[in-house]
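Colleague: Listed below, chain by chain, are the residues.
Number of protein chains: 2
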Amino acid sequence: MTYSTNNISTEHIEKKRIAIIGAGLAGSLLALKLSQQGYAVDVYERRSDPRALSAHAGRSINLGLSKRGMQALASVGLLEEVLKTAVVMRGRVIHFPDGSTKYQAYGKNDNEVLHSIDRNELNNLLLDHSEQYKDLKLHFNHKLVSAEKTKRLLEFSNEGRVVTVTPAWVIGADGAFSTMRKEMQYGERADYQQEYLEWGYKELTLEAGSDGQSVIELSALHVWPRNHCLFVSHPNLDGSHTLTLFLPFKGADSFQCLHTPADVRVLIDKYFPDLTPLLPSLLEQWDRHPVGALITTRTNQWSFEDWAVLVGDACHAVYPFFGQGMNSAFEDCYMLIALLAERPTDLATVFKTYEEKRRLHTDALAELSKQNFTELRQKVQSPWFHARKKLDVLLNKLFPSAWLPLYTMIAHTTIPYAEARERARRQDNVINFGSAAIFCLIGISVVMLLS
Amino acid sequence: MTYSTNNISTEHIEKKRIAIIGAGLAGSLLALKLSQQGYAVDVYERRSDPRALSAHAGRSINLGLSKRGMQALASVGLLEEVLKTAVVMRGRVIHFPDGSTKYQAYGKNDNEVLHSIDRNELNNLLLDHSEQYKDLKLHFNHKLVSAEKTKRLLEFSNEGRVVTVTPAWVIGADGAFSTMRKEMQYGERADYQQEYLEWGYKELTLEAGSDGQSVIELSALHVWPRNHCLFVSHPNLDGSHTLTLFLPFKGADSFQCLHTPADVRVLIDKYFPDLTPLLPSLLEQWDRHPVGALITTRTNQWSFEDWAVLVGDACHAVYPFFGQGMNSAFEDCYMLIALLAERPTDLATVFKTYEEKRRLHTDALAELSKQNFTELRQKVQSPWFHARKKLDVLLNKLFPSAWLPLYTMIAHTTIPYAEARERARRQDNVINFGSAAIFCLIGISVVMLLS
Chain A
15 MTYSTNNIST EHIEKKRIAI IGAGLAGSLL ALKLSQQGYA VDVYERRSDP RALSAHAGRS
75 INLGLSKRGM QALASVGLLE EVLKTAVVMR GRVIHFPDGS TKYQAYGKND NEVLHSIDRN
135 ELNNLLLDHS EQYKDLKLHF NHKLVSAEKT KRLLEFSNEG RVVTVTPAWV IGADGAFSTM
195 RKEMQYGERA DYQQEYLEWG YKELTLEAGS DGQSVIELSA LHVWPRNHCL FVSHPNLDGS
255 HTLTLFLPFK GADSFQCLHT PADVRVLIDK YFPDLTPLLP SLLEQWDRHP VGALITTRTN
315 QWSFEDWAVL VGDACHAVYP FFGQGMNSAF EDCYMLIALL AERPTDLATV FKTYEEKRRL
375 HTDALAELSK QNFTELRQKV QSPWFHARKK LDVLLNKLFP SAWLPLYTMI AHTTIPYAEA
435 RERARRQDNV INFGSAAIFC LIGISVVMLL S
Chain B
15 MTYSTNNIST EHIEKKRIAI IGAGLAGSLL ALKLSQQGYA VDVYERRSDP RALSAHAGRS
75 INLGLSKRGM QALASVGLLE EVLKTAVVMR GRVIHFPDGS TKYQAYGKND NEVLHSIDRN
135 ELNNLLLDHS EQYKDLKLHF NHKLVSAEKT KRLLEFSNEG RVVTVTPAWV IGADGAFSTM
195 RKEMQYGERA DYQQEYLEWG YKELTLEAGS DGQSVIELSA LHVWPRNHCL FVSHPNLDGS
255 HTLTLFLPFK GADSFQCLHT PADVRVLIDK YFPDLTPLLP SLLEQWDRHP VGALITTRTN
315 QWSFEDWAVL VGDACHAVYP FFGQGMNSAF EDCYMLIALL AERPTDLATV FKTYEEKRRL
375 HTDALAELSK QNFTELRQKV QSPWFHARKK LDVLLNKLFP SAWLPLYTMI AHTTIPYAEA
435 RERARRQDNV INFGSAAIFC LIGISVVMLL S
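Protein chains in written order, with my numbering: chain A, 15 to 465; chain B, 15 to 465.
A portion of the hints provided could be inaccurate.
Copies of the same chain are indistinguishable here, so a pair counts whether it falls within one copy or spans any two.
[What the hints assert, rightly or not] Here are the computed lysine-lysine pairs in the DSS-like style, where the Cα-Cα straight-line distance is at most 30 Å:
hint, residue 1, residue 2
1, K151, K264
2, K384, K371
3, K116, K403
4, K366, K264
What the hints contain is simulated information worked out from the structure, not anything from laboratory work. Keep in mind that this is a model prediction, so the values were computed, not measured.
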């Protein structure tokens with residue numbers, strides 16, 4: 015179906031407006047970009063305005079901004095401003111059970127780094143900039159109740175009243191449990207899959223020392239890999255780090271077993287003795303912070319005709335272990351905007367093309383993110399893994415355009431995810447073949463020397 | 015959590031009653047069985063009483079009743095009565111494009127047959143028998159709106175009013191799009207997957223001849239396998255057959271392409287020329303019957319504490335190609351009832367055990383049902399396939415307990431699905447190894463003869 019302005023009645027001004035469901039990162043970025051391009055936008059968010067909360071009311075969640083996210087932020091002119099609030103992470107520091115550490119650079123030079131940013135701060139910045147456009151309206155406390163796609167009508171509940179709007183078209187940026195997705199796909203033959211990780215997470219803060227300095231290396235992501243559990247930390251500008259503990263929900267030494275403060279203390283002492291002295295407020299923090307669950311979702315049918323389209327977690331939530339949740343959502347937005355610029359009057363084609371070009375890559379990312387959970391927990395403890403990483407970096411330095419480690423491709427380039435995975439597979443084959451050849455040569459040499 | 019009658023307040027009589035959501039086949043069977051055992055049961059069905067409709071108001075859908083379903087019907091004392099309304103199907107007749115046919119028996123003797131039954135008739139029979147129990151109440155036009163599991167409360171909408179009940183416990187038998195499942199799993203970490211087949215289906219009736227006799231062999235399932243499409247028919251007692259056409263939704267020669275009666279006629283003539291003369295009312299029927307979609311669903315967390323449990327399509331919808339949808343749902347009921355009889359006061363354990371014992375088998379059935387789609391469409395056209403089937407039957411006759419063809423295990427035994435699949439795999443290995451050995455022996459003999 016072709017979108018044409020002739021289809022739009024001018025009776026209701028609302029009909030000419032774009033509705034964005036969700037004022038999270040992807041929703042706010044799209045609101046800003048579309049406003050910059052002259053569109054009239056309404057953003058509907060079920061929560062209240064996050065900017066009205068005090069800075070520390072919510073949990074401090076930080077994320078690793080990498081190339082794909084940076085590309086999108088650059089496109090709205092905010093990259094520099096965001097980077098000012100970020101802490102550079104040049105690599106990861108691996109903390110072994112015996113207290114020793116190992117450093118692994120994220121790339122071969124200063125361009126190949128990640129940036130630790132505060133999620134709430136970024137969200138607020140995007141909202142502040144959006145709000146400068148007079149054709150943009152932010153509607154907080156608006157919970158999407160239903161979307162009647164045949165009538166092209168959205169119904170929100172807002173503080174006890176029902177608000178009905180008929181936008182020209184709709185972007186669903188309302189997260190992994192997207193109501194827009196459910197409503198839009200109702201009665202369609204949409205495949206859908208949701209899978210929970212058997213591990214949950216809890217966020218804690220590793221405060222800066224009394225001198226205001228970070229108690230561990232600031233410019234790095236830190237990992238405490240244990241087969242059974244895992245701590246990851248992202249640095250904050252104030253010298254603190256946001257720690258995330260990943261632990262199974264059930265079984266021995268799981269969240270389920272932690273009934274008393276003493277249980278928590280015993281668990282942390284057992285697996286992370288080096289963290290204990292750095293976390294004096296552990297037990298107090300433990301009670302304040304909830305246990306979160308992690309979900310991977312996949313679906314097809316990301317859009318409905320020329321009326322609705324999904325972005326980010328609403329169509330593909332991934333585990334956080336490759337640090338690509340926000341980055342891939344921002345890349346969705348970037349791609350959608352680019353396709354829209356190509357054919358602004360043919361939304362149905364834009365939406366279809368977007369899914370066709372994008373879905374195989376976000377499916378690949380879902381797999382990569384699952385695999386990286388094993389890498390973070392287990393592989394980083396193996397000397398073979400480190401030798402292989404070093405070889406990767408060496409080959410990358412020797413052949414900078416021909417040889418790109420998987421991590422480099424995912425974090426520091428915009429090579430589509432599935433292509434990156436395929437290219438990494440080919441590189442693996444080269445290394446495996448090469449190793450086999452070397453062993454053969456050594457064998458032949460030994461035989462010749464002995465004979 | 016342990017269920018105990020002490021937990022139940024006697025203030026509300028409703029609290030002591032079991033609620034069954036859905037008066038379809040599984041719901042009605044459970045209502046009858048639980049009533050027979052002395053439980054007080056309320057059945058809530060969103061549609062009106064199907065028995066109030068005229069016999070031919072709904073579509074005539076028939077199903078192949080096999081061992082697992084028969085076992086459950088025998089347990090409520092209705093097997094004989096049901097079989098009186100059924101048509102025996104001793105095997106399948108394969109109709110090739112050139113008009114030739116081939117017959118394949120379903121088993122090695124008269125016990126290994128399927129029974130074609132009318133779905134609505136069976137449903138009505140189960141409801142009629144249930145209703146004879148004074149402690150059973152059928153509530154039609156009651157659509158489940160929400161289930162608040164913490165308050166143990168169900169809310170229905172019934173002709174404009176809201177009905178709230180607080181049953182002792184609940185069985186969700188409300189089909190593939192189960193509201194009970196969604197409500198029960200809300201906020202839980204339940205994995206879920208739904209997958210649509212890219213093919214749809216349309217049901218048509220192949221009327222009996224003017225003499226009241228079936229125009230094709232009555233006591234058989236008929237298959238018209240084409241790579242691109244497929245007709246399957248189940249016989250009815252009146253000499254008619256219910257035909258189901260399976261066809262892709264999109265692409266060349268798909269449902270999407272059939273715009274005019276002429277298009278339909280051309281498609282049927284192209285792929286099923288032998289059916290054309292038998293279907294004089296094809297076009298008239300085509301317009302009356304909708305195109306259906308086929309879905310496979312999987313989930314975990316089939317229950318919530320000692321309060322709610324799911325059966326049948328509500329926890330595992332499968333494609334119909336192994337004819338096991340109803341049979342597996344009835345087997346769920348049979349197993350749940352058996353576990354309940356073992357520990358009637360420990361529902362939480364009953365429900366957990368039921369899922370633990372059952373889910374791997376319904377997961378296996380989902381895979382088998384997908385594979386059988388290929389078998390029905392393609393493999394049955396191959397001479398190799400028929401030779402293999404004959405060998406299977408021969409080995410089964412020689413070693414009746416040691417060698418059981420997969421189809422026999424699924425349709426004519428109650429061997430759990432995953433075990434049947436595993437056993438069939440081992441048998442395949444024996445045949446593959448045997449064939450390889452025979453080829454080797456032939457090769458050696460030839461070489462010896464020549465030398």
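Colleague: Against each hint, give a clear statement of whether it holds in the structure.
Modeller: Structure-based check of all given hints:
Taking the shortest Cα distances, K151 and K264 never come within 30 Å of each other, neither inside one copy (45 Å) nor across copies (40 Å). For a Cα distance limit of 30 Å, the shortest separation of K384 from K371 qualifies both inside one copy, at 22 Å, and across copies, at 28 Å. Taking the shortest alpha-carbon separations for K116 and K403, only the intra-copy value of 13 Å comes in at or below 30 Å, while the best inter-copy value is 61 Å. In this homomeric assembly, K366 and K264 come within 30 Å of each other (Cα to Cα) only across copies, at 15 Å, whereas the closest approach inside a single copy is 41 Å.
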